[in-house]
Amino acid sequence: MTPPSVNPPLSAEEPAENPQPPKRRPVKVESSWSIMDRIGLGLAWAAGVTLCVIAGAIVIYMAYKGLQYVNWEMITTAPEASLDQSASGGFLDPILGTLLLTVIGILIAIPVGVAVAVWLTEYGRPSGLARAVESGVEIVAGTPSIVLAIFGLLIFQQSFMGLFSFTAEGGAVFGRSFITAGVMMSLVALPMVIGATREALNTIPRHVREASYALGKDKATTIRRVLLPSARSGIATGATLGMGRIAGDTAIVVILLGASMTITPEEGPGGLLRGTGSTLTSYVYNNSPAGEGNAPEKAYAAAFVLLLIVIVLNALVGLIGRRNKPQWN
Amino acid sequence: MELKQDPQSTNGNRVTGEPGKAGGATVPPLRRIVIESETAPIHVSDAVLTPDAFQDPNAGVLIDQEAESVWVEQRMRTEALSIAYGGKVAVNEVSLEVNSGEVLALIGPSGCGKTTLLRSLNRLVELTPAAKRTGRIMLDGESVDDFDVTHLRSRVGMLFQQPNPFPMSIFDNVAYGLRERGSKRPRKKELEPIVVDALERAGLWDEVSNNLSHPALALSGGQQQRLCIARSLAVSPEVLLLDEPCSALDPISTAIIEETIVGLRSEVAIVIVTHNLQQASRVADRVAFMYLGDMVECGAAGQVFGAPAAERTKEYIGGGFG
Amino acid sequence: MEAASLNGVKVSKERDRTDRRVELLLGALASTILLLIAGMVIFVFLKGLPSFTHNGLAWFGSGGNVDDQLMNIFNSPANPDDYVYELRAWPLLYATALITLSAVILSTIFSVLSAIFIVEFAPLSIRRVLEPVVRLLAAVPSVIYGLIGILVIVPWVHHHLISEDRKASVAYVIQLDGTSILVGILILFVMICPIMIAIIVDALRAVPTNWTQGAAALGVNRWRAMWTVSVRAARPAIVAAAVLASARALGEAIMLSMVAGSVGFAPNPLDGFTFFLEPARPLASTIVDNAEGLSVVPFGQTMYAFAAILLVSSAFLSFGGWYTRRRLSKYTLSAR
Chain E
1 MTPPSVNPPL
11 SAEEPAENPQ
21 PPKRRPVKVE
31 SSWSIMDRIG
41 LGLAWAAGVT
51 LCVIAGAIVI
61 YMAYKGLQYV
71 NWEMITTAPE
81 ASLDQSASGG
91 FLDPILGTLL
101 LTVIGILIAI
111 PVGVAVAVWL
121 TEYGRPSGLA
131 RAVESGVEIV
141 AGTPSIVLAI
151 FGLLIFQQSF
161 MGLFSFTAEG
171 GAVFGRSFIT
181 AGVMMSLVAL
191 PMVIGATREA
201 LNTIPRHVRE
211 ASYALGKDKA
221 TTIRRVLLPS
231 ARSGIATGAT
241 LGMGRIAGDT
251 AIVVILLGAS
261 MTITPEEGPG
271 GLLRGTGSTL
281 TSYVYNNSPA
291 GEGNAPEKAY
301 AAAFVLLLIV
311 IVLNALVGLI
321 GRRNKPQWN
Chain L
1 MELKQDPQST
11 NGNRVTGEPG
21 KAGGATVPPL
31 RRIVIESETA
41 PIHVSDAVLT
51 PDAFQDPNAG
61 VLIDQEAESV
71 WVEQRMRTEA
81 LSIAYGGKVA
91 VNEVSLEVNS
101 GEVLALIGPS
111 GCGKTTLLRS
121 LNRLVELTPA
131 AKRTGRIMLD
141 GESVDDFDVT
151 HLRSRVGMLF
161 QQPNPFPMSI
171 FDNVAYGLRE
181 RGSKRPRKKE
191 LEPIVVDALE
201 RAGLWDEVSN
211 NLSHPALALS
221 GGQQQRLCIA
231 RSLAVSPEVL
241 LLDEPCSALD
251 PISTAIIEET
261 IVGLRSEVAI
271 VIVTHNLQQA
281 SRVADRVAFM
291 YLGDMVECGA
301 AGQVFGAPAA
311 ERTKEYIGGG
321 FG
Chain S
1 MEAASLNGVK
11 VSKERDRTDR
21 RVELLLGALA
31 STILLLIAGM
41 VIFVFLKGLP
51 SFTHNGLAWF
61 GSGGNVDDQL
71 MNIFNSPANP
81 DDYVYELRAW
91 PLLYATALIT
101 LSAVILSTIF
111 SVLSAIFIVE
121 FAPLSIRRVL
131 EPVVRLLAAV
141 PSVIYGLIGI
151 LVIVPWVHHH
161 LISEDRKASV
171 AYVIQLDGTS
181 ILVGILILFV
191 MICPIMIAII
201 VDALRAVPTN
211 WTQGAAALGV
221 NRWRAMWTVS
231 VRAARPAIVA
241 AAVLASARAL
251 GEAIMLSMVA
261 GSVGFAPNPL
271 DGFTFFLEPA
281 RPLASTIVDN
291 AEGLSVVPFG
301 QTMYAFAAIL
311 LVSSAFLSFG
321 GWYTRRRLSK
331 YTLSAR
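Chains as they are written, first to last, in the numbering used here: chain E, 1 to 329; chain L, 1 to 322; chain S, 1 to 336.
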């Protein structure tokens, strides 16, 4: 590298009587990319192309296999217990199971999540407690769902939790039911709801709150009537993201839902919630070579339906975000 | 240019010029005027014709240009340059010369294409996806399209309106342009003299010499902008493009930077876009007035400000619009 | 002062009281959640403690077949004094660390390069398709990745990479059937890349154009400008993405159970390439595979010990990420 030419600055002693023409630099036509730069560029392109190939392969393969095997009958028929799994029954119950579990989970997560988020942003005193709550939520967000699952089992198998599931004759609480799985699923969705709600509330500028107080409204009314409605789209985004996570989770289902092929309610009040069943995720797992069923066709078909549900949920997130974004000037 | 205090004069100080070195222990002349003698009236040199509005002795410092001679040579030239953004014409058939040894000021109201014209000189306008350019731009006789754009940009430097030092130390900022070109990364020892020199020429050395590894973002606005000047100077450009460099700064920083600009003009061709007519009259040797994409008038500063040929120029300078 | 009501708007004292009540209520709810979470953590640790105390530090060491040991624990006699706890969990810890670290390191490199491609060099048409697809892939449930893995990748590996000779060479210790750490790392890598790419792309885009244009104006080429300015400014986000990905990788139970093998085996690097084809089972998968045995007391306690390790690892990850991000932000002041 030739050292750059530096023109000496004028000083007081040489009052520019013989001004020198500035030195010229030769025109460089060839490229200024060094070999390391070219390697870097090449790697970036390689990564990009690989990404396209992998993404395309997954999407195309799932679409191909799914469309090959899925049909209307499968979606609307309940699973049957039979020796030849690959020719019998559909997966209606797992679909219903997914829907039911998602609804239970999000119905718990939304009020709790919004309440905690409101407390964190609008109140948050004492600050030590607020920080502890934040850390707690982060811990839950980072906890593997398998750990949440066995913890759920631990709790709901205690005898005083018997009303949430089926109790065997020896007194052993089964601990596995829609409601127990639903409660743990709400923990999975909780950090998303809290995060999205906090973000939405923080975007609301201070003058909105101040205007409401100036009108004489107290804090609770302000939150209820002014802030939460504006945060609606943020809450909806968080809830939809949470639903996506619930729908896709397998570990909690496998451990806490009791693995019955069809939805089996218990006797007594709230039987459906206390009953067992399966979801699309556990159905896919069980029908793959890793589980018992060994019916890959149905696994593909169920996976395809699951993928569609997840795609729809994610598209919803985008739509909600774009349409209802409140504009604050 | 050196500022001499006329002890006999009761009217004030006669200003003749010399680009003082901005470093060192003495406070440079311009700075002294602005900081220390705010109310002292300043005699305006007869050599520079000004419209009536500028004859107010307290309006500012005008720089006498007769006392020095500087080598003036054409560096860049545009020929019928037109730039359009998605159909809307921003610059319309502008032909302009940029010479080393002088400061060219582009003035005009907002949205008249000054910045677009400036950014086309170092082909930065290509970063905007919808921009289309026709016409020729020449650097030292070669069309700028003919050679590598990064090479062009290392010869034609640019300063932005908002100071934009990188989130690195002061030393790393100034050395950035030198380190990140070419395959061989120069060692710190090789870079030190260049960095120090650049900081001196930018008028920042005495303020940061004690700690060059200080984060650049911790500096004040004016210091950051001077750091950006040093950063541009370190790669030894032949042309320096300044896009309203002082609009975000306080008057003291502005004065220091204007002084630096005038001091640099003998080595580097300078083009400055400015909204501020007083600033243009302070630093410019030649002035080009643009209005809605057209180059209305271009000539020596004294002539454009004192006796503008076009009606529109007269209106703008007189404050009729803008 | 009387708490009068003017036009339905409560006057100060009563307003304060309502505010106070709502605040206490919400605070109580938040505290309850916090207690539940803390309770969970403490509970898991307490339940897992006996396994640690009975084995001491040797719990983390190696010795014997971990699956046999688990079987023995499961078959412990019913008398609490005769519970069997002996466990040498090294194969499981080793598998967890190996699979997680490999996948995260590979994924970080690949994701940074891909993000650079998407932000700077990709043609517009490719970018418009690729970005939504990547975000979609981030939401795909892990069981679907596991399905493709076990139905497509594992058989392929079995057919093409595992010859009879190779099988024979390790037959005395382990069976090779295609489920392996290679497939596990590969699919885990595919699983965690999309979310990392999405985060890093957002971070690269958020770098102020002041800086990127400033670098361009100095005559620095696109790759150098991207690498030295944008990627450098995005370092905290890269660390955050890596931490997030690590947490997901650490906790991945179902997919790895399907494709990485269900044997508590520690792959041996001295086997050369065969090392990659040997199966393994990380902690999370071990818990899932053995979930039915939770009711047997010492077995359940062993499982909770595994869960405790996972919790501690996640916490360490979070803390390490937070600390690294703070160090990296030294030169960036909150000007934005």
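Hints listed in this document are in silico derivations from the structure and should not be mistaken for laboratory results.
Backbone N, C-alpha and C fix where the C-beta goes; we use that ideal spot for every residue, glycine too.
Any given hint might turn out to be false.
Unchecked claim - If we take Cβ atoms under 8 Å as the criterion, some of the chain S residues that face chain E in the derived model are:
(1) 41
(2) 42
(3) 45
(4) 46
(5) 47
(6) 49
(7) 53
(8) 136
(9) 137
(10) 139
(11) 221
(12) 247
(13) 257
(14) 288
(15) 303
(16) 307
Said to hold, decoys possible - Derived EDC-like pairs: lysine to aspartate or glutamate, alpha-carbon spacing no greater than 16 Å straight-line:
(17) 219(E) <-> 134(E)
(18) 219(E) <-> 19(S)
(19) 132(L) <-> 145(L)
(20) 219(E) <-> 271(S)
(21) 167(S) <-> 23(S)
(22) 217(E) <-> 134(E)
(23) 217(E) <-> 14(S)
(24) 132(L) <-> 190(L)
(25) 217(E) <-> 19(S)
(26) 184(L) <-> 122(E)
(27) 219(E) <-> 16(S)
(28) 88(L) <-> 315(L)
(29) 167(S) <-> 177(S)
(30) 219(E) <-> 23(S)
(31) 217(E) <-> 177(S)
As the list claims (entries may be wrong) - Quick list of simulated restraints, FRET-style, between CB atoms:
(32) 209(S) <-> 142(L): 25 to 35 Å
(33) 218(L) <-> 271(S): 35 to 45 Å
(34) 35(E) <-> 142(L): 22 to 32 Å
(35) 215(E) <-> 206(L): 50 to 60 Å
(36) 65(S) <-> 218(L): 54 to 64 Å
Has the given pair, residue 217(E) with residue 14(S), been kept, meaning a C-alpha gap of at most 16 Å?
-> 12 Å, holds
Restraint check, 8 Å cut-off on beta carbons, for residue 49(S) near chain E | 14 Å, violated
For the range 22 to 32 Å, tell me whether the beta carbons of residue 35(E) and residue 142(L) fit it or not.
-> 27 Å, holds
Given the proposed pairing of residue 219(E) with residue 16(S), does the C-alpha separation stay at or below 16 Å?
-> Distance of about 9 Å is within 16 Å: holds.
Hint status (Cβ of residue 139(S) to nearest Cβ of chain E, threshold 8 Å) = Holds: closest Cβ of chain E sits about 5 Å from residue 139(S), inside 8 Å.
Is residue 132(L) close enough to residue 190(L), meaning Cα to Cα at most 16 Å?
-> This hinted pair is violated, its Cα atoms lying about 41 Å apart.
Would you check the hint for residue 184(L) and residue 122(E), treating anything up to 16 Å between C-alpha atoms as holding?
-> The hint is violated at about 55 Å.
Does residue 288(S) pass the interface hint, meaning its C-beta sits closer than 8 Å to a C-beta of chain E?
-> 6 Å, holds
Is the shortest C-beta separation between residue 303(S) and chain E less than 8 Å?
-> 6 Å, holds
With 8 Å as the cut and Cβ atoms as the points, is residue 137(S) at the interface with chain E?
-> OK, holds: residue 137(S) within 8 Å of chain E, min 6 Å.
Can the restraint linking residue 167(S) and residue 177(S) be considered satisfied, given a maximum Cα separation of 16 Å?
-> Status holds; Cα separation ~9 Å.
CA of residue 217(E) to CA of residue 177(S), is that 16 Å or under?
-> 69 Å, violated
Going down the numbered hints, you'll see the structure goes against 2, 3, 4, 6, 7, 17, 20, 21, 22, 24, 26, 28, 31 and 33, while the others check out.
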